[in-house]
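Engineer: Okay, here's what each chain looks like letter by letter:
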Amino acid sequence: MRDGMIELLRSLGHALSGAFQTLGFAARFFTTILACSGQSFRRLHLTIREIYFSGFQSLLIILVSGLFIGMVLGMQGYETLQRYGSSEALGVLVALSLTRELGPVVSALLFASRAGSSITAEIGLMKATEQLTAMDMMAVNPIARVVAPRFWGGVISMPLLAALFSAIGVFGGYLVGVVLIGVDEGAFWSQMQGSVDFRLDIWNGIVKSFVFGIAVSLIAVFEGYDAVPTAEGVSASIKRTVVYSALAILALDLVLTSFMFRGV
Amino acid sequence: MPTECLVRINGVSFAYDDRPILKGIDMEVPRGKLVAIMGNSGCGKTTLLRLIGGQLKPTGGELLVDGQSVPAMAHDELYAMRRRMGMLFQFGALFTDISVFENVAYLMREHTDLPEEIIRDMVLMKLNAVGLRGAHHLMPAELSGGMARRVALARAIALDPMLILYDEPFAGLDPISMGVIGQLIRRLNDALGATTLLVTHDVQEALSIADYAYFVADGQIVARGTPGEIRASSDPFVHQFVFGEADGPVHFHYPAPPFEEELMRGDVHA
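Protein sequences appear in the order of chains A and B.
Last residue of the first sequence: 449 in the numbering used here, with the numbers rising by one and none dropped.
Last residue of the second sequence: 276 in the numbering used here, with the numbers rising by one and none dropped.
Think of the hints as simulated: they come from the structure by calculation, not from any bench.
It is possible that some hints are incorrect.
[As the list claims (entries may be wrong)] Pair by pair, the computed Cβ-Cβ distance ranges are:
| id | chain 1 | residue 1 | chain 2 | residue 2 | range |
| --- | --- | --- | --- | --- | --- |
| 1 | A | Trp388 | B | Ile104 | 36 to 44 Å |
| 2 | A | Val440 | B | Ser19 | 47 to 55 Å |
| 3 | B | Gln61 | A | Phe215 | 21 to 29 Å |
| 4 | B | Leu144 | A | Lys424 | 27 to 35 Å |
[Said to hold, decoys possible] Straight-line Cα separation of at most 20 Å, DMTMM-like style, residue types lysine to aspartate or glutamate; simulated pairs:
| id | chain 1 | residue 1 | chain 2 | residue 2 |
| --- | --- | --- | --- | --- |
| 5 | B | Lys63 | A | Glu315 |
| 6 | B | Lys39 | B | Asp208 |
| 7 | B | Lys63 | A | Asp386 |
| 8 | B | Lys63 | B | Asp127 |
| 9 | B | Lys39 | B | Asp72 |
| 10 | B | Lys63 | B | Glu10 |
From the three backbone atoms N, C-alpha and C, an ideal C-beta is built for every residue, glycine too.
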């Protein structure tokens, strides 16, 4: 019994100290990325290339998902609003849901699964096949050359993807609400225009997606760089990227919404 | 051995945590020579190469490259030294997202401001030297193991380094590719006026091209000499290694308790 307790405490302590060590390494890694960013921005084509791979190549899944979610919102919103005779407010409901919450959060979750996992896999495999070591031996800093462009590519892509997600979602809501169900088109757009505030709704959504972009990109590059250089190690890192990113997005969303929420 | 040495190692030790890997290594690599470091897997050969390249820091001893202490170098000094070094990794470590041409041009683009036409000519010269000028447009995934190794070799010599480090360049190659790589290593060393340090466990191939050889076992230098001296050595370790005998000073079995005792205990877990 006593031995079992000691063993339990030992493994708990070991896990905790390991977690703190990893957090410390991640913090140092983040500062190194920031320190190397100037060097990597001087060769802008590297970051543009990553915006293409992370951002542009995620467009399809973002646009299709945004459209579907907007359509679902249109149906569910109409169903609820018509009970209170406010179906004209459908445009407001769809736009606010998307710009404030669903746009930034769902697009970040999709980005983590589509682009984050592939960034981790790419960096992890580069490590496993000694490409990062080879770069370092050639006096080329792998953080400036490989990690920083991927990090900034993700950070820049994320708000753009979230904005596109919200825009196509609003269009999806319009298709279902106005074209299929027959909500008044003028009321749909004019109420949306009158109720959606640029700073409170759109700007806050952009801020959220920017913060999510930093979190997801940092987790993705860190997990790749820190991967155990074996097939199992890279696979475990990819899994961690998706899980940690999802948790970080949802936790950060709660924190950011608390700061942004005004109770009016 | 000539006195002018590019690499001088005095009493170098290294350990991973509590596990000693190298125990007081002394070694000299004269300029312009091809020196082979041999030993069985896990004896510390690659660790030694990583110490010379500054990827690891020794726990003791002195390690000088071109008269400068590698462990004492700051990051910028280390990178300045590495620009004068070339390294061939065990499996090439080619950048898989760019072509053969771009792999060889990589260092030229990173470290020089040469115009594109000059880079093109230089890359084709390096690829021609390893016999792969015609493969410049291929991607690394389209190359065989031997070809990938030759491209990595062309990349390692891209900026005419003073010191070329080879980590197991013959591993996993067929006899023809092995011979080709061996001859390339020798020819490039002489043509570039470079110094070569070759880590391998392929004794016959290494002895056929090296000027001098060191044998490492259990983290220590156990034998040294010219290829002729090594072949004629009566040292049991060298004899076992050169003639590939299954048992000798290097045991076939990994250390374990007596087999009967282990079978009787019946508590071995996978």
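Engineer: So which hints don't hold here, by number, going up?
Structural biologist: 7, 8, 10
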